[in-house]
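**Student:** Each chain is listed here by its residues.
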Amino acid sequence: MAETKKTNIILFSGEYDKAMAAYIIANGAAAFDHEVTIFHTFWGLNALRKDEQVAVKKGFLEKMFGKMMPRGADKMGLSKMNFAGFGPKMIKEVIKKHNALPLPQLIEMAQEQDVKLVACTMTMDLLGLQKEELLENIEYAGVAAYIGDAEEGKVNLFI
Amino acid sequence: MAETKKTNIILFSGEYDKAMAAYIIANGAAAFDHEVTIFHTFWGLNALRKDEQVAVKKGFLEKMFGKMMPRGADKMGLSKMNFAGFGPKMIKEVIKKHNALPLPQLIEMAQEQDVKLVACTMTMDLLGLQKEELLENIEYAGVAAYIGDAEEGKVNLFI
Amino acid sequence: MAETKKTNIILFSGEYDKAMAAYIIANGAAAFDHEVTIFHTFWGLNALRKDEQVAVKKGFLEKMFGKMMPRGADKMGLSKMNFAGFGPKMIKEVIKKHNALPLPQLIEMAQEQDVKLVACTMTMDLLGLQKEELLENIEYAGVAAYIGDAEEGKVNLFI
Numbered sequence: 560m561a562e563t564k565k566t567n568i569i570l571f572s573g574e575y576d577k578a579m580a581a582y583i584i585a586n587g588a589a590a591f592d593h594e595v596t597i598f599h600t601f602w603g604l605n606a607l608r609k610d611e612q613v614a615v616k617k618g619f620l621e622k623m624f625g626k627m628m629p630r631g632a633d634k635m636g637l638s639k640m641n642f643a644g645f646g647p648k649m650i651k652e653v654i655k656k657h658n659a660l661p662l663p664q665l666i667e668m669a670q671e672q673d674v675k676l677v678a679c680t681m682t683m684d685l686l687g688l689q690k691e692e693l694l695e696n697i698e699y700a701g702v703a704a705y706i707g708d709a710e711e712g713k714v715n716l717f718i
Numbered sequence: 560m561a562e563t564k565k566t567n568i569i570l571f572s573g574e575y576d577k578a579m580a581a582y583i584i585a586n587g588a589a590a591f592d593h594e595v596t597i598f599h600t601f602w603g604l605n606a607l608r609k610d611e612q613v614a615v616k617k618g619f620l621e622k623m624f625g626k627m628m629p630r631g632a633d634k635m636g637l638s639k640m641n642f643a644g645f646g647p648k649m650i651k652e653v654i655k656k657h658n659a660l661p662l663p664q665l666i667e668m669a670q671e672q673d674v675k676l677v678a679c680t681m682t683m684d685l686l687g688l689q690k691e692e693l694l695e696n697i698e699y700a701g702v703a704a705y706i707g708d709a710e711e712g713k714v715n716l717f718i
Numbered sequence: 560m561a562e563t564k565k566t567n568i569i570l571f572s573g574e575y576d577k578a579m580a581a582y583i584i585a586n587g588a589a590a591f592d593h594e595v596t597i598f599h600t601f602w603g604l605n606a607l608r609k610d611e612q613v614a615v616k617k618g619f620l621e622k623m624f625g626k627m628m629p630r631g632a633d634k635m636g637l638s639k640m641n642f643a644g645f646g647p648k649m650i651k652e653v654i655k656k657h658n659a660l661p662l663p664q665l666i667e668m669a670q671e672q673d674v675k676l677v678a679c680t681m682t683m684d685l686l687g688l689q690k691e692e693l694l695e696n697i698e699y700a701g702v703a704a705y706i707g708d709a710e711e712g713k714v715n716l717f718i
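Protein chains in written order, with this note's numbering: chain C, 560 to 718; chain Z, 560 to 718; chain G, 560 to 718.
Hints should not be assumed to be uniformly reliable.
One copy or two, either will do: identical chains are not told apart, so a pair holds if it fits within one copy or between any two.
What the hints assert, rightly or not - With a Cα cut of at most 20 Å, we get these calculated DMTMM-like pairs of lysine to aspartate or glutamate:
| hint | residue 1 | residue 2 |
| --- | --- | --- |
| 1 | K648 | E691 |
| 2 | K617 | E652 |
| 3 | K564 | E711 |
| 4 | K690 | D708 |
| 5 | K616 | E671 |
| 6 | K609 | E594 |
| 7 | K564 | D708 |
By construction, these hints were calculated from the structure, which means they are not laboratory data.
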């Protein structure tokens with residue numbers, strides 16, 4: 560029996576376009592029967608935030624990070640040509656026009672294809688993000704779990 | 560007979576310095592007899608644009624992207640210290656001084672070494688880039704082709 | 560006897576948060592007995608700069624790069640929410656609060672764990688950085704050495 564191939568993506572970046580790339584690759588690899596993990600760390604955690612505000616207790620700095628960071632995939636900016644939010648509007652418009660999938664749907668599709676979505680607990684701590692604020696059905700782990708996955712990965716990417 | 564080693568680089572970023580890094584690694588791997596592919600997606604596609612304007616029919620948003628994005632490798636900015644175009648001038652100056660190769664020549668060298676240059680058709684659609692606007696002798700493919708290459712790659716990088 | 564696993568990280572980016580990610584992964588992999596190399600190129604070289612000024616002879620452009628680039632890990636900015644230096648202060652504050660390690664200590668730990676720290680000689684030339692300006696106990700190499708390491712790597716990342 561052929562060994563299952565593994566793809567492990569670290570999503571560090573908090574931009575709409577980079578997260579799209581991560582999820583398109585993840586969904587593509589899952590379609591080829593890879594076991595796929597996206598490990599969300601630092602600003603990449605924002606892709607997993609719920610879009611509504613969640614009442615949780617936080618310190619002052621953690622509250623500030625919480626306020627300044629985009630609340631969920633749909634609110635993220637672009638890595639290039641963001642133009643104070645106009646760039647993301649343009650991208651979403653051309654996505655619709657060309658029948659491509661916007662980021663929130665790419666994330667849903669990944670969950671349907673059993674892509675393992677992991678939130679990095681160390682950076683959750685640093686940025687003050689709590690489980691209640693993140694999507695359902697994700698896993699929580701640290702760098703040790705990532706190394707364990709990555710050393711068996713055929714495709715390892717840092718995005 | 561030893562198996563040919565494969566290097567697959569996704570060039571997502573549209574900056575001069577990051578594209579330089581991608582092409583230096585690609586040329587280095589090709590010199591070590593790797594089979595090398597650079598898969599250009601999102602802003603990385605701009606490295607493959609011809610530097611003259613090409614008359615093609617486009618929708619409004621696609622025209623705007625076309626106008627705002629750099630036309631070819633030589634027009635790209637830096638990821639750090641761009642200073643409204645002064646940074647790239649400094650980099651090109653020190654490249655000349657130290658007899659290093661500027662980006663357009665790195666791309667030529669890659670083509671001479673049979674590095675496979677691929678343009679991502681999905682993001683070409685989104686950004687409204689057409690084949691007529693891109694360099695000759697490149698290939699066109701999507702995420703499925705990338706996964707096929709990457710799962711056999713010894714070195715896979717996302718830049 | 561089991562083969563030693565290798566992790567090779569290219570640190571291209573010159574930001575505090577991205578360098579933190581690189582060093583956290585490197586230290587994690589070293590803890591799992593990987594042979595780990597961080598290859599510092601372009602702006603990533605700044606993580607290896609000494610924090611004091613070192614008297615060396617330089618050309619005009621090289622002096623300018625030297626002045627404009629951060630002098631050592633502790634001076635680096637953030638890739639997101641830098642806010643003219645306020646972001647790094649916030650990050651360092653939460654790092655302290657959560658008993659995580661700031662970047663300079665992560666680098667020390669990497670050296671104690673025998674992570675091989677390499678400075679890319681080609682980009683040192685371009686940016687005018689000289690050995691006297693960089694930390695002790697690092698190695699100097701070019702793209703050929705990187706390819707040699709990477710083609711045996713289990714985990715290869717570009718950060």
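**Student:** Confirm or reject each hint.
**Tutor:** Cross-check of the supplied hints:
1. When the C-alpha separation of K648 and E691 is checked against a cutoff of 20 Å, the pair qualifies neither within a copy, at 28 Å, nor between copies, at 27 Å.
2. For the homomeric pair K617 and E652, the shortest alpha-carbon distance between copies (15 Å) is at most 20 Å, but the shortest distance inside one copy (36 Å) is not.
3. Proximity of K564 and E711 under a CA criterion of 20 Å is satisfied in both settings, with 8 Å inside one chain copy and 10 Å between copies.
4. Taking the closest pair of Cα atoms, K690 and D708 never come within 20 Å of each other, the shortest separation being 22 Å inside a single copy and 37 Å across copies.
5. Proximity of K616 and E671 under a CA criterion of 20 Å is satisfied in neither setting, with 32 Å inside one chain copy and 38 Å between copies.
6. Proximity of K609 to E594 under the C-alpha cut-off of 20 Å is found in neither arrangement, the shortest distances being 25 Å within a copy and 39 Å between copies.
7. With identical chains, the CA atoms of K564 and D708 are at most 20 Å apart both within one copy (11 Å) and between copies (13 Å).
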